[in-house]
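Colleague: The chain contents come next:
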Amino acid sequence: MSTRFAAREYHAVEAEGLRFLYLVPSAAVFCADAAASAVLDRLQVGPDTLDGLEGALAGRFAATDVRAALSDLMEVRAVGPEGAGPEPMPVEAPPEGIPLKTMVLNVTSKCNLGCTYCYEYGDDRVVEAGTMPRFMDEATARQSVDFMLGEAGVGERCHLTFFGGETLLNFKLLQSTLTYAKDRAAEEGKRVDFSLTTNGTLLKPEIIEWLAASDVGVTISIDGPREVQDKLRVFNNGKGSYDEVVPKVRELLKRHTSRPVGARVTLTKANLDIIGTFRHLTEDIGFFEVGFAPVTTAEGRDYAIEGDAYWHMLAQFEELAWEWLEHAVQGRHHGFSNVGETIEEIHKGFSKSHPCGAGVGMMGVSTDGNLGLCHRFAGSEEHRFGNVTDGVDREKQVKFMEEHHVAYKPDCHSCWARPLCAGGCYHEAHTRYGTTNAPNLHYCDWIRSWTDTCLRVYAALAVRNPDYLKHFEH
Amino acid sequence: MRRIKAINQKAARIEQYVEGERATAAQAAAEVGHEPDVELDVVGLESSAPDGPRIPFGCTLMFSPGWETDSGGGTAGLCQPVERDLFDCHLGCFWPAQVPDQLNNAGDWTSKCAAAQKDWRKLDLVFP
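Those sequence lines, one after another, are chains H and Z. Quick note: the first sequence uses our numbering, first residue 155, plus one each step. Quick note: the second sequence uses our numbering, first residue 1458, plus one each step.
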């Protein structure tokens, strides 16, 4: 009996009149010609033999073409013998000695704003802020730097991010830590790249000067035009922060030109005019790029984005993504950073065993020097992986990585978007389902839809201006 | 490859690999005097036809001690639970063991068992 062939896992998108295949789990993207597309279409109806395929497509393609197409599709595993089943999913813990490339230092657990949706202080907080030291001290910061350089492996560069609370409340520590880290890195022949996130309220000329002179990458948490910012990002007395923040940000943008300054917007049910916000932040204020993230929330919070609102959000993401494409085709920058990040992962062909590098290549440090899975978990006993003095709790780390492998998320096994998503953010899952283990099933449709959009944008770009993709090959 | 074209970096790596394999196969075919065929070769008891050692499927060579009995003639002392062995028979072995019929009667028998060594407790009995 001759072999019957069946389609394996892939997701097909059309762009520029061509058919593109996103193969799962390899995450390879191929463009299929007419014969290969016809073979796949035929196999979507049901498994068939080579003779059967040749017969069915006889009017349109020569037998040799069908044969060649089938052979190519077999080799890349878009097609397999019937019953071959899914690709096996090896469960391997990340190899030991993966260097720590990014460390996020929570320099304070205090904030001068009182945004209701905040994951650090709001209803969904993981840690009671009051249980933590309010400010990281000098000794802990230095130990953290030493720890990072020790864990950074042989690579030359590592990345230190200052975070809070409101990061600039501990500006003195930023200054001394940066100087210390630069000196220590120089001794070890390494380079540390610095960045921070701030709400912008405390920016003043000497801080701006320091940020620019020290080449610190800056991200401003800002939610948009005045009416939005003043509703969501408020001081503890309820006063809006727009007039405090925007003039200072303008000063920062004027002075700090060595590194692009980005805006990071939290989306809630109350601020879903994404395009308006994008225009305001890029065109009126002058941010180089803007990234949007839906608020992390338990189900049913009044600011949560649910139901149709998600699709409303996605439609605007899509509109900006196509705008991004037109810019990229002309070789121009477009500041919608969400799409750029996904395009890079598609281009490199990431196939993730874990949703992100948290706990391995990236860790958060709480104000008292404990190592957290990431900055969002810093200070949580349950998600503590040791501390900067004694080092990483390897046993706990390995156990965590094993337990959180996508192989242990059966719900993800039939999803074509798993190479990029792998179940989604640990913190999101913890907030929604009470455990980092859970896949984020509440946003599956949305992730697939967004990934599909990015694949179409990617494919169109690969046809219209493939040179632009070199931007993502660093 | 003639009918599909690599677009992203991962695809380029796969293409490079495939071309290498094809060149090797063509060379081997030239030596024995016939063309490589798109139809699968017979590879009984093998997961693939690698260059390295050829490893049969099933429990014969893997650390998956049989599902027969322990040294005392019972099942309590088996070093793996019987469900685990059952799962091996079901998944990777050619041996016609009595396992749930996933085609007709127990389609979701393994849906909560992503990896047997961890999730075997989720394999339940199947009642016809």
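Hint data in this document are derived by calculation from the structure and do not stem from the laboratory. Idealized CB from N, CA, C, for every residue including glycine. Be careful, since some hints might not be right.
[Said to hold, decoys possible] In silico lysine to aspartate or glutamate, EDC-like type, Cα no more than 16 Å apart, as pairs:
#	chain 1	residue 1	chain 2	residue 2
1	Z	Lys1575	H	Glu556
2	Z	Lys1462	H	Glu557
3	H	Lys502	H	Glu360
4	Z	Lys1579	H	Asp565
5	Z	Lys1575	H	Glu246
6	Z	Lys1462	H	Glu229
7	Z	Lys1462	H	Asp565
8	H	Lys502	Z	Glu1472
9	Z	Lys1569	H	Glu557
[Claimed, not checked] Under 7 Å between C-beta atoms, here's a sample of chain H residues computed to sit facing chain Z:
#	residue
10	Pro179
11	Cys185
12	Ala222
13	Glu229
14	Gly234
15	Ala238
16	Val245
17	Arg288
18	Val483
19	Gly503
20	Tyr562
Colleague: Indicate, hint by hint, whether the structure satisfies it.
Modeller: Each hint tested on the structure:
Taking the CA atoms of Lys1575(Z) and Glu556(H), the gap is about 11 Å. The hint holds against a cut of 16 Å. Proposed proximity of Lys1462(Z) and Glu557(H) is contradicted: the alpha carbons are some 37 Å apart, above 16 Å. At most 16 Å may separate the alpha-carbon atoms for a hinted pair to count; Lys502(H) and Glu360(H) exceed this at roughly 41 Å. The hinted pair formed by Lys1579(Z) and Asp565(H) meets the criterion: a straight-line CA distance of about 14 Å does not exceed 16 Å.
With a C-alpha separation of about 13 Å, the suggested pair Lys1575(Z) and Glu246(H) falls inside the 16 Å cut-off, and the hint holds. A threshold of 16 Å between alpha carbons decides the hint, and for Lys1462(Z) with Glu229(H) the separation of about 13 Å falls inside it, so the pair holds. Proximity of Lys1462(Z) to Asp565(H) is assessed by CA-CA distance (about 31 Å); at most 16 Å being required, the pair is judged violated. The hinted pair formed by Lys502(H) and Glu1472(Z) meets the criterion: a straight-line CA distance of about 14 Å does not exceed 16 Å.
The straight-line distance between the Cα atoms of Lys1569(Z) and Glu557(H) is roughly 15 Å, inside the 16 Å bound, and the hint therefore holds. With its C-beta approaching chain Z no nearer than about 11 Å, Pro179(H) sits outside the 7 Å limit, and its interface hint is violated. At about 5 Å, the closest approach between the beta carbon of Cys185(H) and any beta carbon in chain Z falls short of 7 Å, and the interface hint on this residue holds. Interface restraint check: Ala222(H) against chain Z, minimum CB-CB distance 5 Å, threshold 7 Å, status holds.
Annotation: Glu229(H) was flagged as interfacial toward chain Z, and the flag holds, the nearest CB pair being 4 Å apart, inside 7 Å. The restraint placing Gly234(H) at the interface with chain Z is violated, with a minimum CB-CB distance near 10 Å, outside the 7 Å limit. Using the Cβ-Cβ criterion of 7 Å, the hint placing Ala238(H) at the interface with chain Z is not satisfied: the shortest such distance is roughly 10 Å. Contact between Val245(H) and chain Z, as hinted, is supported at the beta carbon level, the nearest pair being about 6 Å apart and thus within 7 Å.
Proximity of Arg288(H) to chain Z is violated relative to the hint, the smallest CB-CB distance being about 41 Å (cut-off 7 Å). Because the beta carbon of Val483(H) sits about 16 Å from the nearest beta carbon in chain Z, more than 7 Å, this interface hint is broken. With a least beta-carbon distance of about 2 Å to chain Z, the hint placing Gly503(H) at the interface is held under the 7 Å criterion. With a cut of 7 Å, the hint placing Tyr562(H) at the interface with chain Z holds, because the nearest CB-to-CB distance is about 5 Å.
Violation of the numbered hints given earlier is confined to hints 2, 3, 7, 10, 14, 15, 17, 18; the remaining hints are satisfied by the structure.
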